[in-house]
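**Student:** Just so you know, we're using our numbering here: the sequence shown kicks off at 731 and counts up by one.
Just so you know, these hints were derived from the structure itself, not from any lab.
Honestly, I wouldn't trust all of these hints.
Cut-off 30 Å, straight-line C-alpha distance, at most; resulting in silico cross-link-like pairs (DSS-like, lysine-lysine) [as the list claims (entries may be wrong)]:
#1 Lys803 <-> Lys751
#2 Lys803 <-> Lys902
#3 Lys902 <-> Lys751
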Amino acid sequence: MDLQLTGKRAIVTGGSRGIGKACARALALEGCDVVIVARGEEALRATAAELHTETGRAITPVVCDTTNDESVKASMRDAVAALGGGVDILVNCAATAGGQAPAPTLAEISDDNYWADMNVKVLGYLRTARELAPTMAAQGWGRIINISGLGARNAGSLLTSMRNVSVAALTKNLADELGP
């Protein structure tokens with residue numbers, strides 16, 4: 731399938747494994763140069779080498795902790811520089827897979843549980859979008875894709891549902907503010 735992405739530049743958070751790695755692979759196979767972002771440097775380097783070998787595209791690893799605003803600012807600057815000074819696509823996948831395990835019950839949820847989940851996924855997505863949206867706007871083109879989950883519509887884990895509903899609301903509001 732040709733999605734007409736050849737030559738586009740993409741940043742994928744949570745790109746060292748799981749859905750993020752799959753998104754990075756798909757973008758590279760469509761002709762994008764990709765920066766993968768995650769906390770673990772060793773896993774990032776291994777994934778970048780694997781995807782480069784598989785796709786033949788430039789895959790650059792950049793270490794970032796999306797729970798830390800200063801880390802996001804620095805790593806997004808590094809990622810944009812690695813992509814030649816611009817970015818066309820941001821795919822936010824960084825999250826604690828499946829939320830906290832085991833899923834706490836209502837009586838067990840503390841404020842710390844809540845903020846830990848929200849900081850990784852929702853605030854992490856907000857931080858990266860906030861850093862990259864001005865670059866995309868200046869270029870006149872860009873796409874921000876936020877990976878959520880079925881927890882936005884299905885019950886199962888209170889924390890997982892809350893974070894995924896928040897991602898859906900964030901995404902809609904970003905589209906309204908930044909879109910045409």
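**Student:** Taking only the CA atoms, is the gap from Lys803 to Lys751 under or equal to 30 Å?
**Tutor:** holds (22 Å)
**Student:** Do the alpha carbons of Lys803 and Lys902 lie within 30 Å of each other, as the hint requires?
**Tutor:** Distance ~23 Å between Lys803 and Lys902 Cα, so the pair holds.
**Student:** Could you grab the alpha-carbon distance between Lys902 and Lys751 and see if it respects the 30 Å cut-off?
**Tutor:** Distance ~24 Å between Lys902 and Lys751 Cα, so the pair holds.
Hint compliance for this structure: no hint is broken.
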